[in-house]
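Colleague: Residue-level listing of the chains:
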Amino acid sequence: MSSLLPDVIALTLLLAITAYSTAGGVDFGAGIWDLQAGNSPRGREARALIDHAMAPVWEVNNVWLVLSIVLCWTAFPSLFQAVFASLYPLFTLALLGLVLRGAFFAFRHIADDPRAHRTADLVFGLSSLITPFFFAATLGAIASGHVGTTGPSGSVVEASFNPMSIAFGCVSVAATAFSGASFLVGDARRYGAVNLVDYFRRRVAVAALVLVVVGTMALAVIRIEAPDTFRSMLAGPGLPFALVTMVLTPAVAVLVWRRAYSWYRVLTVAGIGSLVLAWGFGQSPYLLPGRLTIGQAIAPPATQVVLLVIAVVLVAVVVPAMGLLYYLDQRGALESPEA
Amino acid sequence: MFFMVWLAGESALLPSRIQMAFTLAAHVLIVPLGVALPALTLLMEGIGLARKDPVAIKIARRWSVVMAVQFAVGAVTGTILSFEFGILWPRLMGRFGAALGLGFAIEGIAFFLEAIFIGIYLYGWTRLRPRTHFLLGLALPPTGVLGAVSVLSANSFMNTPGGVTVDAGRVVDVNVMAALFTRALGYEFWHFIIAIYMTTGFVVASVYAVAWLRGRRDHYQQLAFAVPFTLAAALTPVQLLVGDLSARALVQDQPAKFAAIEITWTTRDHNPEVIGGLLDDAGQIHLGIAIPALDSLLVGYTPSAVVPGLSSFPAGDWPSVVEANISHLAFDVMVGLGTAGALLAAWYFWILLRRRRLPESVWFYRVAALAGVGCYVAVESGWVTTEVGRQPWIVYGLLRVADAVTTAPASFVWTMLATLVVVYAAIACFFVILLLGLAARWRREDRLHPEAPEEGVPYGPRPETWARS
Chain S
1 MSSLLPDVIA
11 LTLLLAITAY
21 STAGGVDFGA
31 GIWDLQAGNS
41 PRGREARALI
51 DHAMAPVWEV
61 NNVWLVLSIV
71 LCWTAFPSLF
81 QAVFASLYPL
91 FTLALLGLVL
101 RGAFFAFRHI
111 ADDPRAHRTA
121 DLVFGLSSLI
131 TPFFFAATLG
141 AIASGHVGTT
151 GPSGSVVEAS
161 FNPMSIAFGC
171 VSVAATAFSG
181 ASFLVGDARR
191 YGAVNLVDYF
201 RRRVAVAALV
211 LVVVGTMALA
221 VIRIEAPDTF
231 RSMLAGPGLP
241 FALVTMVLTP
251 AVAVLVWRRA
261 YSWYRVLTVA
271 GIGSLVLAWG
281 FGQSPYLLPG
291 RLTIGQAIAP
301 PATQVVLLVI
311 AVVLVAVVVP
321 AMGLLYYLDQ
331 RGALESPEA
Chain Y
340 MFFMVWLAGE
350 SALLPSRIQM
360 AFTLAAHVLI
370 VPLGVALPAL
380 TLLMEGIGLA
390 RKDPVAIKIA
400 RRWSVVMAVQ
410 FAVGAVTGTI
420 LSFEFGILWP
430 RLMGRFGAAL
440 GLGFAIEGIA
450 FFLEAIFIGI
460 YLYGWTRLRP
470 RTHFLLGLAL
480 PPTGVLGAVS
490 VLSANSFMNT
500 PGGVTVDAGR
510 VVDVNVMAAL
520 FTRALGYEFW
530 HFIIAIYMTT
540 GFVVASVYAV
550 AWLRGRRDHY
560 QQLAFAVPFT
570 LAAALTPVQL
580 LVGDLSARAL
590 VQDQPAKFAA
600 IEITWTTRDH
610 NPEVIGGLLD
620 DAGQIHLGIA
630 IPALDSLLVG
640 YTPSAVVPGL
650 SSFPAGDWPS
660 VVEANISHLA
670 FDVMVGLGTA
680 GALLAAWYFW
690 ILLRRRRLPE
700 SVWFYRVAAL
710 AGVGCYVAVE
720 SGWVTTEVGR
730 QPWIVYGLLR
740 VADAVTTAPA
750 SFVWTMLATL
760 VVVYAAIACF
770 FVILLLGLAA
780 RWRREDRLHP
790 EAPEEGVPYG
800 PRPETWARS
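One line per chain: the protein sequences are S and Y, in this order. FYI, in the working numbering the residues of the first sequence are 1 to 339. FYI, in the working numbering the residues of the second sequence are 340 to 808.
Quick caveat, the hints were computed from the structure, so don't treat them as lab data. A couple of the hints might just be wrong.
Partial pick of chain Y residues on the chain S-facing surface, computed with a CB cut under 10 Å [stated by the list, open to error]:
1) Gly436
2) Leu452
3) Leu759
4) Val762
Estimated spans, in silico, between C-beta atoms of each pair [said to hold, decoys possible]:
5) Y/Val760 to S/Thr216: 39 to 47 Å
6) S/Ala116 to Y/Arg782: 22 to 30 Å
7) Y/Pro469 to S/Gly148: 53 to 61 Å
8) S/Gly148 to Y/Ala629: 50 to 58 Å
9) S/Ala116 to Y/His788: 25 to 33 Å
10) S/Gly38 to Y/Val716: 43 to 51 Å
11) S/Ala316 to Y/Ala767: 37 to 45 Å
12) S/Gly148 to Y/Arg782: 53 to 61 Å
13) Y/Ala778 to S/Ala116: 19 to 27 Å
14) Y/Ile614 to S/Gly154: 51 to 59 Å
15) Y/Val661 to S/Thr216: 54 to 62 Å
16) S/Ala316 to Y/Val701: 50 to 58 Å
Glycine included, each C-beta is placed from N, C-alpha and C at the ideal position.
Pulled out of the complex, with its shape left as it was, chain S reads as follows (with noise of 0.2 Å):
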């Protein structure tokens, strides 16, 4: 039991971090196609939908982010410590994002100068692509081996700013749209707004197109760069979780293409999700690859069994009340008044 325990809850920070990849990158993925859409009509019904389908859940969304950093330093203080010692810059420049993004989306409601509308258009869709480049980014740096276990192993810019860190950074992005364009088909779907589904059925495939090739790009940069995960991630615990992402990418694609308007969202998040869990495991027993293990980094046992009992409230009492959400959300009993 006391040996199991750390890997629970290492593992139940790597959920969280999972879930805030699959709900909040559906979220940014949205926002990457509303900077896409344009002035067009077209472009704005797009994103009216896309304001339409963020505007019950969102808040929920980014929760798992806040969920995610204090798991962090109350299990793994020391990593907390290294991470953020090392990799500020990434978490400054993410966190900017995250910010001007959340502001944004709830001032272009308010403004009502059409230059200022679209200004505030503008920022938010930048804001949605940065904000996940570089949250990614701070995962390759881990995994690139230049997070040291009290600071940076070289300077900090190096840290930061590698082909680790820019190649998660990519595939994130990429990610975010693949994923934000799929539940777009649906919302879309929902709300009966049928040439809009044809827009994003074809950027789905696109997007499943440009993660595939991104994918594999990053693929050969962990080779080079950092050859341990890669052999983990190929031969270790992390191949399952390659592969599922490697068959389920294009899978969803083909399914949306051809219309086939069933599981396409729910393997979406699984191909989304098996992404972080191959880096995740890929790196395993290691938090700080080749430097800090699960075992050296996690907090005292009476804090290990307060954090389960978390976890296991976070099961038992916020998935159901999420599923409410969710499923009132779908029910169409969430609604704005004048819908």
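For this one, chain S is given, so just place chain Y on it according to the hints.
Modeller: For chain Y alone, coordinates are given in the frame of chain S:
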């Protein structure tokens, strides 16, 4: 290349402290309504359901929109704070995360539930059955209180740490209960939770006090004023009592902070209570009114009670003179405003109980209109008192602020701070524009269709051009 140069520089202690103070000060303004407005809204909805009063329902519905906006802004400012723990103070969590983090981990769950149920409550007004809507909403006040207690638990740990065994700078063992429920939590919790309910009551009521002054005297205005004001006024005397207990507990728990609050230089009996005034480096007090022996009397119920003075602590373990003065003046402002609030509450209840009606004096409503702002100032002052009074410690007696600060260069943090100031100014602008816009729209609607139901959504009207085209 420029980036490299820019990232090499002096310690970031000063900008980090300023940034933390700035972002926390902003967050503290958002928290009261974020935590307590749901309870007030549900109270109003409950009144509406019980009395079948559509006006009460309309008020509750409008408040729920404000509540959602507050929550959204609070979620943003709160997220920034959680990152700052890593970006600015990585060694605080690196050292004490296993204990200090526990409160935050519980807060994570509370925040989660709050976000979910706010979404349901806000978007469920039209489609859910009224009773179901109300019952689902009842989840909100407890989650808000749970969130507040867990964050206060972390803050109390910083003030009166306990439950940790430290070996070679690392926490090797944690007594969970002792770390979560440290000595300061009892009074910090009650003092703060009453403060936010009071603030929410006075702030909301102040809006309708202004409406009264502008000539609106209908059922809508009376109800929306009386319910929050009565709640806040009833809590005010309780707060004076709890505040007094909190201050007195400091004598034991954080004597240096108490000495700073009272700007007492030498440990002595018959210590005067100084109202206002400034301490200088030589221990002399300038200006201010000194009431002989009152401090000793308040602390020990006798003039001969000995109270701690700053100079009796080891050098470098107590707040600087500037910090002591800040803490002292902030404390005086808080107590002064609390006393003024109690007088206002007495005035209100005097009229209410003697004449069985709401006050009709213009001066009453003028003061009531200021009570909201007064509460915000009091909350900020209280927070300044406790945080500045703890200096130079980030975790009292165990970790200094200077030892917890990031290794990032000052230039980095200054740049981040400047960016955040701009971003916060923008957020504050949107926030105010949004709320004023909603208020104007509601006033307009009330003039045109006095009985039409509320049609507000949190982020204003959204275009529906795509709908079923």
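Colleague: Taking the hints in turn, state whether each one holds.
Modeller: Status of each hint after checking the structure:
Given the 10 Å rule on beta carbons, the hint for Y/Gly436 holds: about 3 Å separates it from the nearest Cβ of chain S. The beta carbon of Y/Leu452 is positioned within 10 Å of a beta carbon in chain S (closest approach about 6 Å), and the interface hint is therefore held. For Y/Leu759, the shortest C-beta to C-beta distance to chain S is roughly 8 Å, which falls under 10 Å, so the interface hint holds. Among the interface hints, the one on Y/Val762 holds; its C-beta lies about 6 Å from the nearest C-beta in chain S, closer than the 10 Å criterion.
For the pair Y/Val760 and S/Thr216, the supplied restraint of 39 to 47 Å holds, since their beta-carbon distance comes to about 43 Å. A hinted range of 22 to 30 Å holds for the C-beta pair S/Ala116 and Y/Arg782, which are about 24 Å apart. A beta carbon spacing of about 58 Å between Y/Pro469 and S/Gly148 agrees with the range 53 to 61 Å that was offered as a hint. Checked against the given bound of 50 to 58 Å, the beta carbons of S/Gly148 and Y/Ala629, roughly 56 Å apart, stay inside it.
At roughly 30 Å, the beta-carbon separation of S/Ala116 and Y/His788 lies within the given 25 to 33 Å, and the hint holds. A hinted range of 43 to 51 Å holds for the C-beta pair S/Gly38 and Y/Val716, which are about 47 Å apart. S/Ala316 and Y/Ala767 have their C-beta atoms about 39 Å apart, which keeps the hinted 37 to 45 Å range intact. In this structure, S/Gly148 and Y/Arg782 meet the distance hint of 53 to 61 Å, their C-beta atoms being roughly 60 Å apart.
At roughly 20 Å, the beta-carbon separation of Y/Ala778 and S/Ala116 lies within the given 19 to 27 Å, and the hint holds. Remark: the range hint 51 to 59 Å for Y/Ile614 to S/Gly154 is upheld by a beta-carbon distance near 56 Å. Taken as a hint, the range 54 to 62 Å holds for the pair Y/Val661 and S/Thr216, whose Cβ atoms sit roughly 59 Å apart. Under the hint 50 to 58 Å, the C-beta atoms of S/Ala316 and Y/Val701, about 55 Å apart, fit the expected range.
Checked against the numbered hints given earlier, this structure breaks none of them.
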